[in-house]
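*Asks:* Take a look at the letters that make up each chain.
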Amino acid sequence: MSVGSLAWRIAATVLGLGLLLNGSLRMSDDVWPFGPMSQYAFSPSGDTTIVITRVEGLLADGRRINLPLRVETAGISRAEVEARIPEITADPSLLRSVTDGWTSRHAAQPALQRVWLVQDQTRLVDGRVGPTRLVELASWELPS
Amino acid sequence: MRALRSAVSWFMPVVPESRVAVLRTVLYLFVIIDIHLFVRDPIPLSRHPELYQPLMLERLFRLPPPSVPLTVTLYLILMVGCLVAAANVLPRLAGSVVAAAFTWWTAIGMSYGKVDHDHLPLVVALWVLPTVGVIADRWRSMERSAQAGWALRCIQISVVLTYFLSALTKIRSGGWSVTSWPESSILLWAIVRRPHGLGQFLLPHPELLHVMQWCSFTAELTAVVVLWLRGRALLAAAVFWMGFHVFTLALLYIHFAPTAICWLAFAPLERLGPWLRRVKARRRQRTGRRSAGHPVSVPRDHTVDSGS
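So the protein lines, in turn, are chains A and B.
When we follow this note's numbering, the leftmost residue of the first sequence carries the number 13, and every step to the right adds one.
When we follow this note's numbering, the leftmost residue of the second sequence carries the number 26, and every step to the right adds one.
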């Protein structure tokens with residue numbers, strides 16, 4: 013192996029390891045792919061509240077149904093909606109990202125008239141599963 | 026000086042290039058699976074520019090915000106690039122194009138609020154595999170090189186660091202405490218949020234979940250040791266980690282397939298080519314023997330009682 017070839021490989025190795033360590037010790041997800049491995053890396057206490065965010069929709073035939081937040085059913089997944097909760101509660105029309113995706117994949121269903129951003133909030137009591145309550149965060153009436 | 030030389034030779038061991046050739050085929054084909062099954066949302070997400078929040082990488086390189094034409098183009102580039110690169114054709118060009126396109130594709134998938142951490146080894150692999158260059162005879166190559174060794178070592182390091190750094194992040198997020206994560210309610214939290222797998226049967230047993238947290242945390246913290254294992258010990262470690270991934274899949278429906286596939290960087294893949302050739306030769310031999318058993322006409326054969 014030539015000196016140049018050896019040198020850039022050593023430099024790349026040192027740089028890569030440095031970026032990874034720096035990302036894990038100091039940075040956030042923003043520096044992907046060198047960010048901290050933060051999935052499931054936090055430490056919820058035994059009395060924490062666990063939330064499951066969902067979107068419910070009122071159809072033209074009067075049924076209120078759950079719109080599953082998955083790429084194949086709504087074009088967007090739960091994590092992406094959860095990451096934008098503050099923006100959605102400030103401007104509920106952002107729920108269009110869910111209704112557009114759901115409508116285009118469920119053309120045979122009656123039209124959506126109204127949607128709600130809701131959460132199932134489960135409380136832990138002494139590290140065990142406690143009661144669950146439904147909380148409404150935002151609602152949006154679709155333009156007809 | 027000697028320490029430096031031995032460190033360099035550890036980072037760049039001389040290994041068979043056919044190992045890289047086989048790994049290229051497997052990983053480029055895996056990328057095709059990945060963009061359909063795992064990071065499969067860049068095209069639908071690119072319909073929602075209002076939700077896009079670019080990562081530092083995208084801001085640094087001033088990458089344009091995702092649009093449907095852009096993500097569809099990336100998809101097509103990845104499909105063609107992966108097929109060419111999987112055949113070990115134009116490895117530098119096709120490999121570099123796939124590395125850049127897949128990094129961008131995955132970055133787009135993670136620019137809408139959720140960042141996954143199972144892609145580090147695969148992204149590293151795609152960037153280092155082209156550096157080995159052309160491998161004459163591909164799977165059949167008898168060449169050995171330090172270039173191949175460095176590429177494989179980088180992938181191996183990124184696999185074990187995926188585990189080790191996640192343990193480090195757990196210590197950091199718990200306020201630099203070693204016990205806070207293993208003693209927390211994290212698995213309970215995860216199972217309540219993903220009530221699909223076997224995990225729901227463990228909900229009534231939080232003490233058992235704590236034991237599992239201690240086991241996985243200890244395994245992650247010590248994962249770097251794998252880099253120095255050989256033979257049976259290495260095989261045992263690989264089997265343990267594959268079992269770990271199968272377990273989390275059954276428990277929570279969380280797979281780490283892009284990391285798991287990169288464990289192949291530890292495997293003696295150079296044996297695959299000769300093994301396939303032996304299997305083929307044996308099959309050919311068997312079919313050859315069977316046809317020898319059939320009655321065939323013998324030249325100058327004639328009946329005994331010719332009547333002549």
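Don't take each hint at face value.
For each label pair, taking beta carbons as the anchor points, the in silico distance ranges come out as [stated by the list, open to error]:
| no. | chain 1 | residue 1 | chain 2 | residue 2 | range |
| --- | --- | --- | --- | --- | --- |
| 1 | A | Pro122 | B | Val159 | 54 to 64 Å |
| 2 | A | Gly30 | B | Trp35 | 13 to 23 Å |
| 3 | B | Phe272 | A | Val15 | 39 to 49 Å |
| 4 | A | Pro155 | B | Pro229 | 40 to 50 Å |
| 5 | B | Thr98 | A | Leu18 | 50 to 60 Å |
| 6 | B | Leu108 | A | Pro122 | 20 to 30 Å |
| 7 | B | Phe272 | A | Pro155 | 43 to 53 Å |
Because the hints were derived from the structure by calculation, they are not lab data.
The beta carbon of each residue, even a glycine, is placed where N, CA and C say it ideally should be.
*Asks:* Evaluate each hint against the coordinates.
*Replies:* Status of the hints after comparison with the structure:
1. Checked against the hint of 54 to 64 Å, the C-beta distance between Pro122/A and Val159/B comes to roughly 59 Å, which is consistent with it.
2. At about 18 Å, the beta-carbon gap between Gly30/A and Trp35/B stays in the expected band of 13 to 23 Å.
3. Checked against the given bound of 39 to 49 Å, the beta carbons of Phe272/B and Val15/A, roughly 47 Å apart, stay inside it.
4. The hint said 40 to 50 Å for the Cβ distance between Pro155/A and Pro229/B, and at roughly 47 Å that hint holds.
5. In this structure the hint that Thr98/B and Leu18/A lie 50 to 60 Å apart at CB is violated, the actual value being about 37 Å.
6. Roughly 43 Å separates the CB atoms of Leu108/B and Pro122/A, a value that falls outside the hinted 20 to 30 Å.
7. Distance hint check for Phe272/B and Pro155/A: the Cβ-Cβ separation is about 48 Å, which falls inside the suggested range of 43 to 53 Å.
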